[in-house]
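> Here is what each chain is made of, one letter per residue.
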Amino acid sequence: MSAPAAGGDAVIVRDVAKSFGETHALRGVSLAVAPGELFGFIGPDGAGKTTLFRILTTLMLPDAGSARVLGFDVERDLWAIRARVGYMPGRFSLYPDLTVEENLRFFAAVFGTTIAEGRAVIEPIWRQIAPFASRRADALSGGMKQKLALCCALVHRPDILFLDEPTTGVDAVSRREFWEILAELRAGGLTTLVSTPYMDEASQCDRVALIHEGRILAIAPPDALGAGFGQALVAVRGADRFALLKLLREHSDTLAVYPFGAELHLTSRRPAAERDAAARDVAAWLAARGHPDAVVAPIEPGIEDTFMARMSGAAGEAAA
Amino acid sequence: MSEPAIVAEGLTRRFGDFVAVDALTFEVARGEVFGFLGANGAGKTTAIRMLTGLLAPSAGHATVAGHDVGRDPEGVRRRIGYMSQRFSLYEDLTVRENVELYGGIYGLSDAEIRDRGGALLESLGLTPWARTLVGAIPLGRKQKLAFSVALIHRPAIVFLDEPTGGVDPITRRQFWEMIYETAARGTTVFVTTHYMDEAEYCDRISIMVDGRMAALGTPAELKRAHGVASVDDVFVRLARAG
Amino acid sequence: MRGGALRAFVVKELQHIVRDRQTLTVLLLMPLVQVLLFGNALRNDVRDIRIAVVDPSPSAVTQRLRDAFVATRRFHIVADARAMDQVEPLFRRGEADVALVIDPAFTEQLGRGEPARVLLVTDASDPNTGSTMEAYALAVLGDYERTLRGGSAPGIAVQTRMRFNPTLESVNLFIPGLIALVLTLVSALMTAISLSREKERGTLEILLVSPLRPWQIIVGKVVPYIALGLANAATTLAVAWVVFHVPFRGSAALLLAESLLYTLASLALGVLIAANASSQRAAMLGALVVTMLPNTLLSGMIFPIASMPAPLRLVTNVVPARWFIVIARGIMLKGVGLEHLWVETLVLVGMTALLLVAAVRRFHARIA
Numbered sequence: 100m101s102a103p104a105a106g107g108d109a110v111i112v113r114d115v116a117k118s119f120g121e122t123h124a125l126r127g128v129s130l131a132v133a134p135g136e137l138f139g140f141i142g143p144d145g146a147g148k149t150t151l152f153r154i155l156t157t158l159m160l161p162d163a164g165s166a167r168v169l170g171f172d173v174e175r176d177l178w179a180i181r182a183r184v185g186y187m188p189g190r191f192s193l194y195p196d197l198t199v200e201e202n203l204r205f206f207a208a209v210f211g212t213t214i215a216e217g218r219a220v221i222e223p224i225w226r227q228i229a230p231f232a233s234r235r236a237d238a239l240s241g242g243m244k245q246k247l248a249l250c251c252a253l254v255h256r257p258d259i260l261f262l263d264e265p266t267t268g269v270d271a272v273s274r275r276e277f278w279e280i281l282a283e284l285r286a287g288g289l290t291t292l293v294s295t296p297y298m299d300e301a302s303q304c305d306r307v308a309l310i311h312e313g314r315i316l317a318i319a320p321p322d323a324l325g326a327g328f329g330q331a332l333v334a335v336r337g338a339d340r341f342a343l344l345k346l347l348r349e350h351s352d353t354l355a356v357y358p359f360g361a362e363l364h365l366t367s368r369r370p371a372a373e374r375d376a377a378a379r380d381v382a383a384w385l386a387a388r389g390h391p392d393a394v395v396a397p398i399e400p401g402i403e404d405t406f407m408a409r410m411s412g413a414a415g416e417a418a419a
Numbered sequence: 019m020s021e022p023a024i025v026a027e028g029l030t031r032r033f034g035d036f037v038a039v040d041a042l043t044f045e046v047a048r049g050e051v052f053g054f055l056g057a058n059g060a061g062k063t064t065a066i067r068m069l070t071g072l073l074a075p076s077a078g079h080a081t082v083a084g085h086d087v088g089r090d091p092e093g094v095r096r097r098i099g100y101m102s103q104r105f106s107l108y109e110d111l112t113v114r115e116n117v118e119l120y121g122g123i124y125g126l127s128d129a130e131i132r133d134r135g136g137a138l139l140e141s142l143g144l145t146p147w148a149r150t151l152v153g154a155i156p157l158g159r160k161q162k163l164a165f166s167v168a169l170i171h172r173p174a175i176v177f178l179d180e181p182t183g184g185v186d187p188i189t190r191r192q193f194w195e196m197i198y199e200t201a202a203r204g205t206t207v208f209v210t211t212h213y214m215d216e217a218e219y220c221d222r223i224s225i226m227v228d229g230r231m232a233a234l235g236t237p238a239e240l241k242r243a244h245g246v247a248s249v250d251d252v253f254v255r256l257a258r259a260g
Numbered sequence: 196m197r198g199g200a201l202r203a204f205v206v207k208e209l210q211h212i213v214r215d216r217q218t219l220t221v222l223l224l225m226p227l228v229q230v231l232l233f234g235n236a237l238r239n240d241v242r243d244i245r246i247a248v249v250d251p252s253p254s255a256v257t258q259r260l261r262d263a264f265v266a267t268r269r270f271h272i273v274a275d276a277r278a279m280d281q282v283e284p285l286f287r288r289g290e291a292d293v294a295l296v297i298d299p300a301f302t303e304q305l306g307r308g309e310p311a312r313v314l315l316v317t318d319a320s321d322p323n324t325g326s327t328m329e330a331y332a333l334a335v336l337g338d339y340e341r342t343l344r345g346g347s348a349p350g351i352a353v354q355t356r357m358r359f360n361p362t363l364e365s366v367n368l369f370i371p372g373l374i375a376l377v378l379t380l381v382s383a384l385m386t387a388i389s390l391s392r393e394k395e396r397g398t399l400e401i402l403l404v405s406p407l408r409p410w411q412i413i414v415g416k417v418v419p420y421i422a423l424g425l426a427n428a429a430t431t432l433a434v435a436w437v438v439f440h441v442p443f444r445g446s447a448a449l450l451l452a453e454s455l456l457y458t459l460a461s462l463a464l465g466v467l468i469a470a471n472a473s474s475q476r477a478a479m480l481g482a483l484v485v486t487m488l489p490n491t492l493l494s495g496m497i498f499p500i501a502s503m504p505a506p507l508r509l510v511t512n513v514v515p516a517r518w519f520i521v522i523a524r525g526i527m528l529k530g531v532g533l534e535h536l537w538v539e540t541l542v543l544v545g546m547t548a549l550l551l552v553a554a555v556r557r558f559h560a561r562i563a
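Protein chains in written order, with the working numbering: chain E, 100 to 419; chain G, 19 to 260; chain F, 196 to 563.
Hint data in this document are derived by calculation from the structure and do not stem from the laboratory. These numbers come from a predicted model, not from an experiment. Zero decoy hints are in this set.
Just so you have them, the derived chain F footprint on chain E, three or more residues with Cβ under 8 Å:
#1 151-161
#2 175-184
#3 188-200
Each residue gets a CB set at the ideal place from its N, CA and C atoms; glycine is no exception.
Based on the sequences and whatever the hints tell you, model everything.
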């Protein structure tokens with residue numbers, strides 16, 4: 100068993116595929132994560148995020164391809180990897196009948212350490228849950244449960260952290276707090292791989308991989324994801340959103356139109372360079388159809404625009 | 019003007035000393051899409067249980083589709099539909115069997131089940147999947163099916179508890195179009211979500227903090243009142259203050 | 196295994212057990228309830244006992260003895276014979292339950308002031324009724340003896356003999372079986388449930404992604420259940436002794452060691468079941484089927500193995516409880532040591548080793 104090469108990537112995945120019967124969970128995934136990076140996997144349920152995490156944490160073997168974590172092969176160097184990773188599975192995986200402190204003490208002992216030894220690493224999170232130390236884990240709120248689970252995954256001071264959908268089902272405030280904690284860990288240099296179905300969380304990562312139906316759609320820093328978006332994109336704001344939505348689908352330039360918060364986003368057939376003209380056209384077209392006060396503006400694509408364009412093939416190919 | 023779909027006055031629920039829901043007072047109009055937001059543990063689930071007649075209020079009262087939730091919970095349940103992310107359909111039954119089951123539960127005749135069920139599967143493009151186990155169809159389709167099934171008895175109000183969790187962004191939007199169409203036909207939609215962009219799709223939203231309704235209004239009103247750009251910011255401000 | 200991790204595991208498991216009050220109550224009360232239930236259910240009262248009287252040389256004295264039985268109304272005489280071989284066919288046809296064989300010199304022995312001899316033969320095909328009938332017959336003989344005491348006679352000497360099941364005594368016999376049942380239930384069933392619960396909750400995933408080896412996880416999980424199982428076995432013994440006066444003749448240390456061995460086999464079985472079960476519910480049903488049925492029906496606990504059809508008799512050989520029951524009966528009732536039980540012990544050691552290896556192999560280091 101060799102020590103990881105200095106300066107190498109923390110995670111290397113090459114053409115990894117995995118099927119369960121007829122279901123193709125992963126269809127050839129390749130990527131690399133640098134040491135100290137906060138790397139996000141963004142995609143809906145069933146995209147393959149959990150399967151990839153289970154392969155990287157040595158819980159599953161890939162059908163094809165290879166993967167290395169901290170320089171160790173996930174197939175051969177099982178125990179070397181297990182001694183060095185922190186893992187938080189997708190669903191709440193602690194003991195509901197044990198108290199907060201009992202859970203933490205147990206997982207520390209399982210990894211051959213103590214709460215005291217891991218104190219420095221978990222301190223910022225532990226401060227928040229310490230008031231509930233003697234409460235049973237099943238009596239915690241969703242956000243607190245996630246923080247406890249994170250503590251349990253960190254208490255043995257791992258070299259790399261895998262968090263599988265830590266914020267799913269957690270309210271917006273707790274989600275923010277959770278990401279603030281991850282930012283602190285990142286500042287401490289911990290390599291972290293995190294998956295989430297919430298697209299808006301991408302901006303918190305150094306880089307993200309968009310993943311859908313077992314394939315990686317794109318890998319880039321969050322603000323560069325829109326770069327490959329070839330089409331003009333305009334935002335429309337108006338009184339009766341649902342009526343506007345149906346109307347805009349009839350416009351000849353429209354490739355797709357979807358509600359986005361308070362607005363509608365319209366992907367035009369015209370290239371990105373012509374987006375100002377495209378917006379003016381749409382505004383005039385709407386005015387002529389009884390919506391003179393609709394506000395139309397060209398916009399930069401966000402992560403969700405990119406994701407939708409890539410997953411719905413046509414626009415994705417045009418953008419590629 | 020017809021009477022509101024939901025009227026709650028001082029609706030309260032205590033568990034021992036703990037006040038889970040503290041004097042909720044609000045109305046939801048017919049055909050309105052009403053977003054019910056709040057942090058985990060803010061009392062949303064308890065409030066929904068009372069509004070759906072599953073839990074009796076400790077104080078105050080509420081009328082849902084004209085029936086009092088405390089005195090006539092059966093009347094309430096006959097007039098509402100319910101769908102949650104965690105559980106809605108039986109995974110080990112086929113698509114058609116689920117439709118028949120829920121039609122039967124809500125007292126539809128065999129002919130009604132056949133007609134409405136057929137139309138429902140057709141409109142969702144699920145006719146070829148009729149004999150497939152629900153556990154084997156993709157999540158997005160499953161959620162749309164669950165929503166349609168919750169509407170099969172043509173309820174006055176449908177309660178959706180995090181209906182789009184984990185669903186891909188396109189399907190999520192298709193789901194919201196179904197919600198709009200349902201509301202346009204006059205059915206009131208009462209929806210909870212953790213996606214703050216979805217809160218913007220609602221006609222009005224309420225935000226619960228520590229058992230109380232800390233905010234109620236259209237998304238635009240709330241953003242203006244707090245001087246912020248998104249409902250997400252409104253939510254975080256209120257929840258952190260509480 | 197590092198001491199810290201094992202200790203933490205045991206502590207955690209004990210916390211699960213103690214906090215699940217309902218299950219704990221059931222587990223602790225189960226032996227008590229079972230002993231009382233089985234003890235009483237197997238001791239049904241017997242009325243209308245058919246007795247054959249063998250009196251080679253009838254006299255007024257033996258006639259009074261005969262009448263003593265008639266007078267109880269519990270016995271009714273089906274035959275008066277001169278020799279035992281006349282009674283034998285009655286037993287075989289199941290027309291008599293008890294035979295009272297009076298010594299040819301009974302009258303003379305009484306007259307000489309010697310103990311007068313009587314032999315009591317009881318059909319013990321059903322051990323429980325057999326011992327009950329014998330007890331009633333002894334009571335009648337005792338009463339008769341007291342009527343003789345008027346003349347300060349030395350009384351009568353009774354010899355008893357059981358037919359078909361010469362050594363059986365029902366309550367005494369089922370207690371070792373019950374210990375086996377309780378040990379299996381607690382160790383196999385509870386291990387299967389608690390392990391499959393970790394699977395269902397997802398905590399097993401975290402345990403697997405730790406430096407712990409699979410066998411270490413298994414050891415950590417089962418230790419508390421060994422203790423619980425042995426505690427339950429002790430309760431069973433205590434209740435049996437206090438309520439039913441079941442004897443304990445042999446070495447307690449040997450019984451403890453054998454119980455430990457048998458518990459290990461059951462635990463391994465529980466781990467195997469959990470490894471193959473997809474849910475807690477499946478594990479529970481699986482454990483019940485695999486442990487309860489063979490333990491009650493195929494172990495010799497209730498139904499004597501000797502009276503089973505040959506194919507079934509063969510099947511009983513793979514039931515660990517069958518061997519444990521022979522061992523426990525030997526220690527408790529006969530007071531014998533390892534020198535008489537080494538074959539059964541070796542079989543049990545072999546089975547335990549096999550099950551342990553299978554359990555550790557089946558319990559993978561990966562999910563898939």
